[in-house]
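Asks: Can you make the complete structure from the sequences, with help from the hints?
There are 2 protein chains.
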Amino acid sequence: MGEAAPKAAQAEHARDGAAAGGRAGGASARGAGASAAIDFRTEPSRYRHWKLGVDGEIATLTMDVDEKAPLLGGYELKLNSYDLGVDIELADAIERLRFEHPQAKVVLLKSGKDRVFCAGANIRMLAGATHAHKVNFCKFTNETRNGIEDASENSGQKYVCVVNGTAAGGGYELALACDHIMLVDDGSAAVSLPELPLLAVLPGTGGLTRVTDKRKVRRDHADVFCTTEEGVKGKRAVEWRLVDEVMPRSKLDEAVEKRAKAIAAKQGGKADKGIALTPVERKRSANSNEYKFVSVAFERDNRRAMITLRGPDSAPPSSADAMVQQGAAFWPLQLARELDDAILDIRLNELEVATIVFKSDGDALRVLTYDAFLDANSDHWLAREIRLKWKRVLKRVDMTSRSLVTLIEPGSCFAGTLAELIFAADRSYMLIGTMQGDNRAPATIVLGDVNVFGTYAMSNGLSRLATRFLGEPDSLDTAKAEIGKPLDADQAEQLGLVTFALDDIDWEDEVRLFLEERASFSPDGLTGMEANLRFAGPETMETKIFARLTAWQNWIFQRPNAVGPEGALTRYGSGQKPNFDLKRV
Amino acid sequence: MGEAAPKAAQAEHARDGAAAGGRAGGASARGAGASAAIDFRTEPSRYRHWKLGVDGEIATLTMDVDEKAPLLGGYELKLNSYDLGVDIELADAIERLRFEHPQAKVVLLKSGKDRVFCAGANIRMLAGATHAHKVNFCKFTNETRNGIEDASENSGQKYVCVVNGTAAGGGYELALACDHIMLVDDGSAAVSLPELPLLAVLPGTGGLTRVTDKRKVRRDHADVFCTTEEGVKGKRAVEWRLVDEVMPRSKLDEAVEKRAKAIAAKQGGKADKGIALTPVERKRSANSNEYKFVSVAFERDNRRAMITLRGPDSAPPSSADAMVQQGAAFWPLQLARELDDAILDIRLNELEVATIVFKSDGDALRVLTYDAFLDANSDHWLAREIRLKWKRVLKRVDMTSRSLVTLIEPGSCFAGTLAELIFAADRSYMLIGTMQGDNRAPATIVLGDVNVFGTYAMSNGLSRLATRFLGEPDSLDTAKAEIGKPLDADQAEQLGLVTFALDDIDWEDEVRLFLEERASFSPDGLTGMEANLRFAGPETMETKIFARLTAWQNWIFQRPNAVGPEGALTRYGSGQKPNFDLKRV
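Protein sequences appear in the order of chains F and E. When we follow my numbering, the leftmost residue of the first sequence carries the number 1024, and every step to the right adds one. When we follow my numbering, the leftmost residue of the second sequence carries the number 1024, and every step to the right adds one.
Honestly, the hints are just simulated from the structure, not real lab data. Just so we're clear, the structure is a prediction, and the values are computed from it rather than from any experiment. Please note that the accuracy of each hint is not assured.
Since copy identity is lost for identical chains, a pair holds within one copy or between any two.
Claimed, not checked - The calculated SDA-like cross-link candidates involving lysine to any residue, where the alpha carbons are at most 25 angstroms apart (straight line), are:
id : residue 1 : residue 2
1  : Lys1239   : Leu1499
2  : Lys1284   : Glu1080
3  : Lys1239   : Thr1251
4  : Lys1414   : Pro1561
5  : Lys1101   : Met1458
6  : Lys1382   : Thr1085
7  : Lys1237   : Leu1485
8  : Lys1133   : Asp1384
9  : Lys1239   : Phe1476
10 : Lys1239   : Thr1563
11 : Lys1258   : Glu1533
12 : Lys1239   : Asp1500
13 : Lys1503   : Arg1264
14 : Lys1239   : Phe1537
Replies: What follows is the structure in structure tokens.
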């Protein structure tokens, strides 16, 4: 089993120690062996589990999981079950459909296996993974499925799920993320969420929320469905709103073709040609990750990662065509992809990093010229996709369970899109004036339209500034009036845009004390606190998934009834029944 | 320490066993000794911790906790810290203010201690309590604080919190539930949420959510506030929106009086005289709780509690005055109070009950005459308070972490207000026709206005039927057209009002199988699943508190960093620092 899995990765993701253990002598999990790190970068030629085909307006994404190629070790990916490695490819394919195949209007999500759509997350993988890996795995798969919905809503790529057999657990959750679910009616193909009866855990990838809030299944039907191991099939699946249509196996291909064409016909005209998402280049060393526009410096003894974003090194292209020409090297796109990779790397490979510190380096006004360029070309498909990519990357930052702080110093370029990192942070500190011996001009920040309107809306549907100023809407209006003006530290503090403006005498001590204190707190307490404080205001299906559902799942992932020695997840497949503590909590 | 605490209760609430343990030989915790049960019934003459005074339009609720009277054993309630016993009295006082003192327009919430407002939930109690007790304790205290906000919003009783010294953790959360927070500015009085830095847990009673969503504190300020052990005082507390005003100690009494009068002046005219909330009479035996209109039968071997609600035994009173005359004996009010007590008793004292089965017995049309009576008198303060009480009790049912099922059989009276229990249940089963030998008429249900309009809105702000039919709004309209008509099982199923209509041949097996299956599932899995499936649709501050915040807190209450042998909650006060597992999750 699992011959293809790197053994080092396996060790890294071994079961959690019994209790609070402290860190292993200053060496991080990643530091112990860079080859063990999970890499989120891939491309179709390297896919083991998916095939991506595009035929004019219709794309086909075929799941055909190689059971001998698990990401970690110790399990086989039978019956199109998946692990993080499978989902990394899916996420990549969804991104490529947007950037490389913008002409695709319909994506058919299919299985490459006979009479099996997808058995969901691999149970043996879950049973063997650490708590942290399970939680981060679920978070990433959720983000991937939200990406499907985002492509549907904002990029006119509609997803049709062709369920040719069993779609169980995460398999059905994948279907739920699609716009239209087609189910074969052959007396055996069924959709199901068997997690509760089978494993004593919840469907972890939005299943319960999408059942109640997206497909709006009646709650008693949902109750029956989620407690029925074998699921629901045929006509009842349609009546209960679980799928959109059923058809005999003999009519499936014809029905799919007809449906795809009908949906494609409803979408508007689309660009013909995409750009190539060339590989994100990254140079790893013991204590850093270097990309072209992003540097990550790890101070592991202090449990910090410093992410520096660099501004553009030249003016924006002269035209939209020139932007297309630059493709993946176009500064806003390359920066977004690099930042995304940096964040994912920290999430999965640097578990002991307590705090991510954002800095920037560059010419603020030049950053703004890129924002202006994207605004001027907002009708162009690539400009739109780049904005949407930033929106997703910034949401990924919001959802990252580390303390976030932005330091605004001379030489920085927190303007427009980059200023968003000030508002995504739990706190921001801005230096008044300069440090002794620094002859650069004092730091300023510059707001852009992107900061005050919904361009980069958080998962609650509001801009970060609107969320920040929920209690003082006047401050939002005042901020709007400052768009385009360089604001120094005192002004920024006055406007409520930064947490603290500090002079050179206080700066080092205050920032150091904050970072040290943060690293001394319980990581779990911080996770819970930040998940609550970051998302004031309205709730959406997305926030429900990440808050209500995820938090309950995390709880259950800690409960002996699931993960204890006699728990259902542990005992699954052992032939032994679980033994439950019967007290309700 | 803890001399006043019944030792049996102490044993009952001892720390959870190490892992899944199974039940103790068929005997429930409660069955082992009825005297150990927590009793939610109290009255001002028996209060140990609060004083309730009413002077015309101004009521004063003074917290003066008797440190020698903890509910459980092993701790002292120092510095106005509280446990469930203290909160049971507060909940009682809030209810009495509404029913016994409807003329009160302002409630001053004060401390009876010098320079200490309230130190929050007692830490030693939390450290020693079982997971189930901690969770249920937080749930009840949350409901109590929601009750304060409900009284303010719907009964014109505005709460002014007078913070004369330290308001820490739950102390500040109590203040947050009030409409107006006044803080002494003496260089030491402060509000704080020190849970995270001190105990590695979250403020468990809505604190984080009320900070961000009620008081709309800016998120970076909230971050600083929630990580600063000593809290925030003076002018900064006002600037950061944490309190509404500060004043020197010498001006406090004068400022409070002025503020109270100003707020009272804004409220409309009010009824002069309330009714007495006479004691809820309950007869306990080994396997039942008998009230006048409610019976609870425990089938502990099957992990079930059957709650039967009885209809009224006479016609409604002839006038509003006659209703006031009946007072607490007025059927809808007495039934609501009895049901509330029955639910709370199961929650805290019957931890192994998996499923609550609702039944009813009586004359459906007579139930409707009471609804009609309340509608006809909807301007009367007592009719309004009774509706609001039902709304709260039904929400308490929604929030109860047990599977809920309603069985609709001949002789039942699920009409109007009582029909709400069909829609509060996770599932409902209705018998078609009658069982052999039963010569009663087949069961019917009758909808009333209360079911389709917002009278008994759930915490998501929608009626249970509107929530049920989110995906099929036409069904809601169809249901409206059926108001007042007795609906038999087939009709009810057709209309989507019940989950399953079953004939006498299937009834017993199907219901039995369902109940057996439910009792076989992981209690934790069911808790998480039901918490997700019950609340489709919009989110409110209340659902945020019960979902997002509570779920995260429950998770943290399971994490070694808080409750493990080296965790912060365990080590608090021991002189030893906690030892954290530093991985972020």
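Asks: Run every hint past the structure and note whether it holds.
Replies: Hints, verified against the model:
no. : hint              : result
1   : Lys1239 x Leu1499 : between (35 angstroms within a copy, 14 angstroms between copies)
2   : Lys1284 x Glu1080 : within (9 angstroms within a copy, 70 angstroms between copies)
3   : Lys1239 x Thr1251 : within (18 angstroms within a copy, 42 angstroms between copies)
4   : Lys1414 x Pro1561 : both (18 angstroms within a copy, 24 angstroms between copies)
5   : Lys1101 x Met1458 : neither (59 angstroms within a copy, 49 angstroms between copies)
6   : Lys1382 x Thr1085 : neither (41 angstroms within a copy, 51 angstroms between copies)
7   : Lys1237 x Leu1485 : both (20 angstroms within a copy, 17 angstroms between copies)
8   : Lys1133 x Asp1384 : neither (45 angstroms within a copy, 53 angstroms between copies)
9   : Lys1239 x Phe1476 : between (30 angstroms within a copy, 20 angstroms between copies)
10  : Lys1239 x Thr1563 : both (14 angstroms within a copy, 18 angstroms between copies)
11  : Lys1258 x Glu1533 : between (64 angstroms within a copy, 22 angstroms between copies)
12  : Lys1239 x Asp1500 : between (37 angstroms within a copy, 17 angstroms between copies)
13  : Lys1503 x Arg1264 : between (44 angstroms within a copy, 22 angstroms between copies)
14  : Lys1239 x Phe1537 : between (45 angstroms within a copy, 24 angstroms between copies)
Hints 5, 6 and 8 from the earlier list are contradicted by this structure; the remaining hints agree with it.
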